[in-house]
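Visitor: The sequence shown: position 130 = 119 (this note's numbering), numbered continuously.
None of these hints come from the bench; they were simulated from the model.
Keep in mind that a hint or two might mislead.
Calculated lysine to aspartate or glutamate pairs in the EDC-like style (CA-CA distance at most 16 Å, straight line) [what the hints assert, rightly or not]:
no.	residue 1	residue 2
1	K136	E59
2	K36	D21
3	K136	E146
4	K36	D18
5	K136	E42
6	K136	E90
All values reported here derive from a predicted model rather than from experimental measurement.
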Amino acid sequence: MMPGEDGLAICRRLAPRGLAVLMLSALGDVTDRVVGLELGAADYLVKPFDPRELLARVRALLRRSQPPAEAAYAFAGWRYDPGQCRLSDPDGATVLLTPNEHVLLRAFLDRPGRLLTRGQLLDLTHGPDAEPFDRAIDLAVSRLRRKLGEAGPEMIETVRGAGYRLRTAVRRT
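Turn these sequences into a full structure, and let the hints steer you where they fit.
Guide: In structure tokens, the structure reads:
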């Protein structure tokens, strides 16, 4: 009953984008509600409604649509929070990382003790379609080691002719 486009068409367009759609409609038939929900609406509320119910439904949608918080990593006194993209040194000071360094650190933290070849690291940091320029990985590892301070070279081991390995225990918190 909206001018121009109807609510079902808007829902059909928005729902695939991952948006939580709450339909407010005067059409309260079971068939109308089912069609709205089948087209991707997260909830359907029939007019007239109590504003408190609308507020409760919006809050419920927000709770459902928030991604669960990712667990942080603790390693050798350091802490990495992937949700905040924040690395803290053993003294609690924040260490600034580039987006590429975040991805590289995460690759190591998800695979502690495992040998990662340059090719694997290139795929993990730049995607499988990246140009095979393994010196880029060497440079990125070198920069990450520098930011990890004195412990960096000990934590990220170079396995000559094979790749790199994170040599410290990692705990999810």
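Visitor: Now tell me, hint by hint, if it's right for this structure.
Guide: For each hint, the structure was consulted:
A hinted pair counts as satisfied when its Cα atoms are at most 16 Å apart, and K136 with E59 does not qualify at roughly 23 Å. As the CA atoms of K36 and D21 are separated by approximately 13 Å, the hinted pair is consistent with the 16 Å bound. Between K136 and E146, the direct Cα distance comes to roughly 15 Å. Compliance with the 16 Å bound is thereby established for this hinted pair. Proximity of K36 to D18 is assessed by CA-CA distance (about 12 Å); at most 16 Å being required, the pair is judged to hold.
For the given pair, K136 sits about 51 Å from E42 by alpha-carbon distance, which is inconsistent with the 16 Å threshold. Of the supplied pair hints, the one linking K136 and E90 holds, its CA atoms being roughly 10 Å apart against a limit of 16 Å.
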